[in-house]
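All chains should be built: construct the whole structure from the sequences, respecting the hints.
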Amino acid sequence: MVALLLAAALALPAPDTTVRLPRGTTVEISTFDRPVRLNGVAGDRVTVRGTGLELDGRTLEIDGGMPGRSGRGPVTIDVPTWATVRIETVSGEVVITEAPTDLQVDAVDGRIAVRGGGGEMSLSGTGAIEVTDFRGSRLGIEGLTGSIRVAGATGSLEIESVNGQIGLERVTSRDVQVSTTNGQVSWAGPLDPAGTYRFETHNGNIVLRLPPRVSARLRVETFNGSFDTRIPAATTGAAERRPGPPRERRVTATYGRGEATVELSSFNGSVVVRPLGET
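Under my numbering, the letters of the sequence shown match residues 1 to 279, in that order.
No wet-lab data here; the hints were simulated from the structure. Possibly wrong hints are sitting among the right ones.
Said to hold, decoys possible - Restraint ranges, calculated between C-beta atoms of paired labels, are given here:
id, residue 1, residue 2, range
1, G57, P212, 36 to 46 Å
2, V19, R174, 32 to 42 Å
3, P193, S122, 26 to 36 Å
4, T279, L55, 44 to 54 Å
5, N163, E248, 17 to 27 Å
6, R135, E248, 17 to 27 Å
7, R58, D175, 43 to 53 Å
8, R23, E248, 36 to 46 Å
9, T18, E169, 44 to 54 Å
10, T236, T97, 45 to 55 Å
11, R170, R23, 31 to 41 Å
12, P232, L144, 35 to 45 Å
13, E61, R230, 53 to 63 Å
14, E169, A42, 38 to 48 Å
No residue lacks a Cβ here, since even glycine has one placed at the ideal position from N, Cα and C.
Given below as structure tokens:
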């Protein structure tokens with residue numbers, strides 16, 4: 001009987017804990033395989049559901065525990081949107097709504113999904129990473145094998161992947177750098193006339209969907225691919241892949257007044273430009 005009561009007690013979810021977060025305190029969240037649900041809220045209170053917390057100097061520590069010791073349900077945390085937050089997980093997914101202004105997430109083997117928020121955000125992991133409606137100044141993403149998707153973002157973007165496709169749409173930025181070793185890179189949306197954009201893949205195509213009246217100068221490099229545009233442009237260089245051994249091709253395409261600077265490089269793939277909205 002005692003053993004049954006003890007097992008039942010251990011199965012109960014941890015009670016909610018709410019504390020005031022002093023300014024300048026970093027919130028550190030760590031789990032092994034439990035999902036993390038983080039919500040940005042107004043005010044200065046932190047509420048934790050599913051585990052406990054500990055304030056150690058300028059650090060508020062939230063530990064989801066090792067596997068099998070703290071249950072399998074999610075760890076849910078409400079934090080002020082002005083907070084500095086660090087999240088580490090081994091195999092649990094991380095889902096964030098209204099990201100705080102200073103956020104870093106490292107998920108060894110788990111999906112990361114962020115909706116809303118601002119400030120500066122850095123995400124890294126081996127699973128899929130998705131960011132939606134980020135209204136910040138800087139977004140950095142490092143992926144390994146999962147796909148990366150950004151749908152709605154502001155600020156400078158730096159995105160890297162090893163084996164995964166990268167897709168960006170509705171991005172408002174003057175500074176974008178995107179690279180992957182194996183995978184397609186795609187962009188859908190306008191270009192800032194004062195912006196600089198760099199897209200690179202070793203094995204994969206680069207596909208840009210741009211407004212028909214875009215003003216940009218594209219510098220294209222490809223070794224075993226071609227350049228194809230369905231938006232009128234003034235071009236120089238060899239756009240088509242010619243018979244014979246593969247060789248490097250360089251093309252410059254000027255759209256409108258050629259204001260935005262776009263550099264595109266694919267060793268084993270083509271560069272394709274289509275009107276925005278065309279499938």
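Evaluated hints:
One distance hint, 36 to 46 Å for the beta-carbon pair G57 and P212, is violated here, with the actual separation near 57 Å. Distance hint check for V19 and R174: the Cβ-Cβ separation is about 40 Å, which falls inside the suggested range of 32 to 42 Å. A hinted range of 26 to 36 Å for the beta carbons of P193 and S122 is consistent with their spacing of about 28 Å. The hinted range of 44 to 54 Å is satisfied by T279 and L55, whose Cβ atoms lie roughly 53 Å apart.
For the pair N163 and E248, the beta carbons lie near 24 Å from each other, so the given range of 17 to 27 Å is met. For the pair R135 and E248, the beta carbons lie near 40 Å from each other, so the given range of 17 to 27 Å is not met. About 32 Å separates the C-beta atoms of R58 and D175, a value inconsistent with the hinted range of 43 to 53 Å. Checked against the hint of 36 to 46 Å, the pair R23 and E248 fails, with Cβ atoms roughly 54 Å apart.
For the pair T18 and E169, the beta carbons lie near 38 Å from each other, so the given range of 44 to 54 Å is not met. With their beta carbons about 48 Å apart, T236 and T97 fall inside the hinted range of 45 to 55 Å. For the pair R170 and R23, the beta carbons lie near 33 Å from each other, so the given range of 31 to 41 Å is met. Between P232 and L144 the beta carbons are some 39 Å apart, a value that agrees with the proposed interval 35 to 45 Å.
Between E61 and R230 the beta carbon distance is about 54 Å. The supplied range of 53 to 63 Å therefore holds. For E169 paired with A42, a C-beta distance near 29 Å fails the hint of 38 to 48 Å.
The structure is inconsistent with the numbered hints 1, 6, 7, 8, 9 and 14, although it conforms to all the rest.
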